[in-house]
Amino acid sequence: MLSIKEIWKSFGGLTALRNISFDVKQGDIKALIGPNGAGKTTLLNIVSGIYQPDTGEVNFLGERIVHLSPAKIAQKGVSRTFQHVELFGNLTVVENVMVGRYAKTKTGFFSSGFRLPSIMKEEREVQRKSEEILEYVNLVHRKDEIASNLPIGEQRILEIARALATEPQLVLLDEPAAGLNIKETRELGEIIRKIRGELKITIVLVEHDMELVMKISDSITVLNFGEIIAEGTPLEVQKNPEVIVAYLGEEEELQTGYNADT
Amino acid sequence: MKKEDLSAFLVFIFFIILFPILSGGAYTLTVGIFSGINALVAIGLCILMGYAGQVSLGQAGFYGIGAYVSSVLSLHLGFPVVVSVILAMVAAAVAAMILAVPALRLKGHYLAVATLGFGEIINVILNEWGPGGPSGFGDIPHFGLAGYTIDSTTGYFYLTWGLVASVMFFSINLINSRTGRALRAVHDSEAACNAMGLNVAALKIRVFILSAAYAALAGSLYAHYVTFISPGSFSLFYSILVLTMVIVGGITNLWGAIIGAVVITVLPELLRRFEELDVLVYGLILTSSLMFFRKGLVPILIEKINKLKGFAFVKH
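Protein chains in written order, with the working numbering: chain Y, 1 to 262; chain L, 263 to 578.
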């Protein structure tokens, strides 16, 4: 459903991405891993339209999206979360999700000043739907709190809830487990699986937490210095000597908590 | 409208109706009218700055466009005043659009300087090409509707505050709607707004237009009340005065804009008894109010009330 073709991107003299191509299958959880500075976030920023690649194509559901603005790409069904949480910090939890409904609702800028029945109805509908989404990610008990007052774990879940409110077909998660403890990471893993399993949303995940990545991904692409060095299932990637060298600098088994039957 | 907003609004209406009956005469009412005119500009700036997070030091420009366009249309071209006022708002909206498109890319201090420049350009234009040049012009017709002219002070008070109440009603609804949420979201994170599919540029242009239309409405009310205008009333000083109102009242609360406008308009009148020292006392009051009530009068007041009620946190 997402196809990335021959992406090159450099910043000044530094080549961040070299000839990156890969596909993401509908309904997959695809992980992008690699050491810091490998270009993972840059790639997400290209897919979501924040950066333009120097050359290369991004196709989403067969449509070329590489030239579109971030907002347009979001409207096409690609939503995302951010490595450094980008919540609407002064809005309440439920309001954050309600902003996610923006593109799916119609009330005009100036007509929103009038208390028309149709507007009030849409507003109630947005409120209901947003609370439903919060319920889905177990955050509804926090709905009236100011978003910036939540602990980081819940902020990351809220970012996912807000992304879900846009009714995406593809969600890009940029290090959703960063700063989370083991319990929170496990809950996050459950939610990501649930979103894929029940809502049939495809997920691209950038993550350093190998335990999480190995447990939930269907396929993994490994980047190092802007190049793809390996691709495959979690098992294949773990055994790949190049990946081990990139991560550890020498030939050792990659330590993960992965085991085949989970 | 939320419950607390609705009750505040009803008290507000009640107060508007009673004020001319209880007040001590024409002088108090006149100060009241100017407070109302300033409140209109302040409400617009409050939405622009406090909610959408966009700075403007150019509101005097829109205020001036409102006053001049409405005056020229009604006095020189014979348009009915109501039509002139509406066209003045449209003119300011167009000017806001022209300003907003290039200014959109700017943030913070840079946006402040760009809007300041805009205000000054309008002021220079009024000085050079406005009727009467720097000395301005008079004989501007009073506000009238369907053959009935409003020229009594009480009538004008009700007209002004009736418009303040309407604008307030519209604004409270807007702030608590899909639009208001989006504006506050733009304030907090444009990156996240993009990821949600919000058209940030369109939102910014529209909120500039809204604040400009409010300022133009105020400007035309001013012109038709005083019946004489000159560029001096629409200078940078006025932009800063409105900014002060919004900050003193509390930038994150629409009611703060009204309270701030009233306080800043009434204060110099109350300080007349200090004669030459009035400016000094005025400055002292402003400085200390910002030192001790940094969030502004209304948010502080809400906090105090909520504390009394024992609520854990404040919404606005």
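Please note that a few of the clues may not be correct.
[As the list claims (entries may be wrong)] For lysine-lysine, the following DSSO-like pairs were computed, each having C-alpha atoms within a straight-line distance of at most 30 Å:
#	chain 1	residue 1	chain 2	residue 2
1	L	557	Y	104
2	L	369	Y	104
3	L	264	Y	239
4	Y	121	L	264
5	Y	25	Y	76
6	Y	104	L	265
7	Y	106	L	557
Keep in mind that the hints were calculated from the coordinates and are not lab data.
Taking the hints in turn, this is what the structure says about them:
Distance check on the hinted pair: residue 557 (chain L) and residue 104 (chain Y) sit about 35 Å apart at the alpha-carbon level, beyond 30 Å; violated. Between residue 369 (chain L) and residue 104 (chain Y), the direct Cα distance comes to roughly 28 Å. Compliance with the 30 Å bound is thereby established for this hinted pair. The straight-line distance between the Cα atoms of residue 264 (chain L) and residue 239 (chain Y) is roughly 59 Å, outside the 30 Å bound, and the hint therefore fails. In summary, the hint linking residue 121 (chain Y) to residue 264 (chain L) is supported, as the alpha carbons are separated by about 15 Å, within the 30 Å threshold.
Between the alpha carbons of residue 25 (chain Y) and residue 76 (chain Y) the distance comes to roughly 17 Å, so the proposed pair stays at or under 30 Å and holds. This hinted pair checks out: residue 104 (chain Y) and residue 265 (chain L) have alpha carbons roughly 27 Å apart, not beyond 30 Å. For the given pair, residue 106 (chain Y) sits about 34 Å from residue 557 (chain L) by alpha-carbon distance, which is inconsistent with the 30 Å threshold.
The earlier numbered hints that this structure contradicts are 1, 3, 7.
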